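Asker: Top line first, the protein sequences correspond to chains A, B and C. Its first residue numbered 1, the first sequence is counted upward by one per residue in my numbering. Its first residue numbered 1001, the second sequence is counted upward by one per residue in my numbering. Its first residue numbered 2001, the third sequence is counted upward by one per residue in my numbering.
Simulated from the structure, these hints should not be mistaken for lab results. Quick caveat: nothing in here was measured; it's all calculated off a predicted structure. Among these hints, one or two may not hold up.
[Unchecked claim] Chain B side only, calculated, beta carbon under 7 Å to chain A, not exhaustive: (1) Ala-1041; (2) Met-1098; (3) Ala-1131.
Even for Gly, the Cβ is constructed at its ideal location relative to N, Cα and C.
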Amino acid sequence: MLKNSATERLAAVALVAPFVIIYCWMFVYPTVRMAQLSLTDAPLIGAGHWTGLDNYRRLFSDKVFWTAVWNTSYFVLLTVVPGTAAALGIALMVSRLSGWLQSLILTMFFLPYVLPVTVVYLIWQWLGNVQFGVLQFIVVPFVGHPVNMWRTIPWFMPWVALITIWWTNGFSILLFLAGLRNIPSEIYEAAVLDGATRRQIFTRVTWPLIWPVTVLCLTIQLILQLKIFDQVYLFALGGRTAATMVLVQYIYEQAFQRNAGGYAATIAVALFVIVVGFSVLQYQVLRMRGAR
Amino acid sequence: MIAPAIAPQGRRWGTINLGGALLTALTLICACVWFFPIYWALVTSFRTDDESIKSFSLLPEHPTLDSYLYIIAHSKLPIFYLNSTIVSLAVTAITLVMSICAAYAISQLEFPGRRLLWWTILASFMIPVPALIVNHFIIIASVNLINTYAGIVLPLLIAPVTVIVYKQFFDSLPREFREAAVMDGANEFQLLFRVFLPMNWGITAALGIITFIGAWNNFLWPFLAAQDETMMTVTVGIRAVQDTFGVAYARLLAGAVLAGLPVSLAYLLFQRRVTQALTLSAGIKG
Amino acid sequence: MTEEAAKNGVERAPHVELRRVTKRYGVVAAINDLDLAVEKGSFTALLGPSGCGKSTLLRMIAGLERITAGQCFINGVDVTEMPPAKRRIAMVFQSYALYPHMTVKQNIAFSLSVAGAPRKTQDERALEVARVLQLEPYLDRRPAELSGGQRQRVAIGRALVRQPEAFLFDEPLSNLDAKLRVQMRLELARLHAALGVTMIYVTHDQTEAMTLADKIVVLDRGRVAQVGSPLELYRQPANKFVAGFIGSPSMNFISVSLATVEGNTATVKLPGGGTAQVGVGSAPAGAAERIDLGVRPEHLLLVDANDASAAQSGRISIVEHLGNVTLLYVDTAAGQMIVEAPGSTPVKSGDVVGLRLNESNVRLFGADGATL
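So that you can see chain A by itself, here it is in the shape it has in the complex (with noise of 0.2 Å):
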């Protein structure tokens, strides 16, 4: 099209610069400060000296880091696959359902994650609750006695887990409905015509025809669960939060208690580059199984 360039330019830039400029100021600038703080032993505020590798040295050996590496592993073990799972379970029974049912119990399902956090936290604190909460009542009868979630060690990422589950399934839930959906129904009908059980057209037919959504939510979940850090710092206070502490707590811990900025920053990028080799990984090895 005939179009004037400069006037086209000047719209163009007139349009672009808001958004051009926050982007630049807070999240481009700060990811490249990130890196290049990670190199010095700068505090919170303030400069510091450059300390060149210093930082991913000290990183390899320290105890406390690969102990919050390990956390957020087992984390994500206990979230991603069998939240998948769930949500996979909670899409097949909702899309059986039509009309107002429908709409109800996926609603029912799907409140949790508008919800937010502190909210969540609230709710099971009180469900869990050492004296009065309700769960206590299915605990008893299997350990004899009350068990206080939040403190006691090996009960806590699992309960976390399963809270971040309950809470975050709604997305995954929407996805898979919407894969459902795009299967079209005369596949079912041939199915039922050549004779499959309810089992084999699951396996034979359902899902290979999601798998695709399968990926896409594993991968979404996984990298999401990588930057963990709001529902367990908050179950974790005024307990030890040590034992249970996750990466991005640890960044937390290190920038805003310990004021150490620049190892705060080394850590910073480790989980980068965790995120980013985790999720480049999985989508690999996702996409070939699916090729087969």
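Following the hints, complete the assembly by docking chains B and C onto the known chain A.
Answerer: Frame of chain A; chains B and C shown alone:
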């Protein structure tokens, strides 16, 4: 009608599909179990403090609004609400306007650096924002905006998904609309705000609501940026409330309900939009 | 004054003119060194098969495509570098491009409102236009609530309100069903007669061009094949392309070889024996040159298969009864030929017939396609 994932092949009892009915019943039970924590919190909030400790009945024996009234009157909750509202509205408004303008320019106009900008935005998904909190803090502190509305709002404005969704939307509009409007003499701003954007207010509504909910629910950054109670958003402040109320559980849960109420209402009222926005953003991530 | 204008005997300067215009996409030239002149107040059709460049040409006049080389003039002013909005030209798009979220009135008044005209002016002008196009009852409706014909009128209205120098139409009838197309054709013709505005109309449908246009520009792969009035193109095609494109059913072509040329008459040998005498304008290059003989279906007469004057004979494979005429598809030594016979002709499939040429309405085309 959604295609059934499991073909209904159950035994028929009269005209009722037994297998199907059982499955539906099972679904209902699962949903109730899933919803129970929220339900229990609601129930507790309507009890008296005394009753909340002693009773485990499914409905409050003497329902009362005491806890709600107390917490509104005696805690900083109203201030938290105000802060949350201001922050969330600001984030939503600014993010939407910025993203719409930028997406339009990337989609429709030629300018130096366009491709680079687009690739940067796409690549930004890889970077975990929580890892940047340290630098956000340093930057906001360096301009003395810690503990101010601006300071809380700024880092929350990062929303590559919004830009990407809008850009794809603008890309999808047939070229002829632009040509017709250009021939009619419209300039770029008129094109954007009078032709392109009004063609689908649904997307704007969906993204707006989802941005609002996200801003309301954000914990980590407002937590760091608000140094004293008067600047806390309700998501952060409700935890501080816990320290005050300790074992007054009914009051505590009333606070929690109040904290989660706006976003819940937003979802219940605009379910379709929320679903649409989430599906759109998932399409981007895939 | 361009050659075109001289040829048409028009004294004044053309309203819209393209001079030596080329459009290149990379190394491919979609349009090559093309001249075009459109007279003021005329209805000019740009006709050709898909890919011939007619839409590109239109869009270059509109300013929606950049001209790689050459110039465009409107009213004598060089607009080659001028942006579309300034050219005072209005366009009706193939899909109409009506703004779906605006009412008919708002759609029509859009260009006025964009220019900042006061609300009163917008309303007045929109109403005026709506009256001319009989859209008054629909002013408050949205495009989705309108029929195809009504939508087209709104698109025209949107163009009309700008009081442009010329109207450009980009295949506006191709989205309508057959019956509606006929109806809208009449309306367009009426509109042109009433307004007297210059209209440039792109189409691939030769019926539309023949019925609506004063002048047709036939395009073939980026070049002008011929310019002329509908009847001129029909009766005196300058080349094989135009001869085959104009007219439905299309002209029959037979490969023939040249026997002799005497003055303005050539004698050719027909396949299967037989000769014909055809008037020619220019002499063919040589005996070895491949020559085609073109004859329209209505210029073939059915005779007995053994008739000596039959140029060709063969078996009828398909008969199409249209009522007023009957189309016969006859397999001859020269290939399948289409014959248009009166509706009452008593033939049936399988009959063997002879075809006689109406020699004064036959043409010869040289190897390069030009009429001889």
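Asker: Does Ala-1041 (chain B) hold up as a contact with chain A if the rule is Cβ-Cβ below 7 Å?
Answerer: 4 Å, holds
Asker: Does Met-1098 (chain B) meet its interface restraint, that is, does its C-beta lie within less than 7 Å of any C-beta in chain A?
Answerer: 4 Å, holds
Asker: Double-check Ala-1131 (chain B) for me: the hint is only fine if its C-beta lies closer than 7 Å to a C-beta in chain A.
Answerer: 4 Å, holds
Hint compliance for this structure: no hint is broken.
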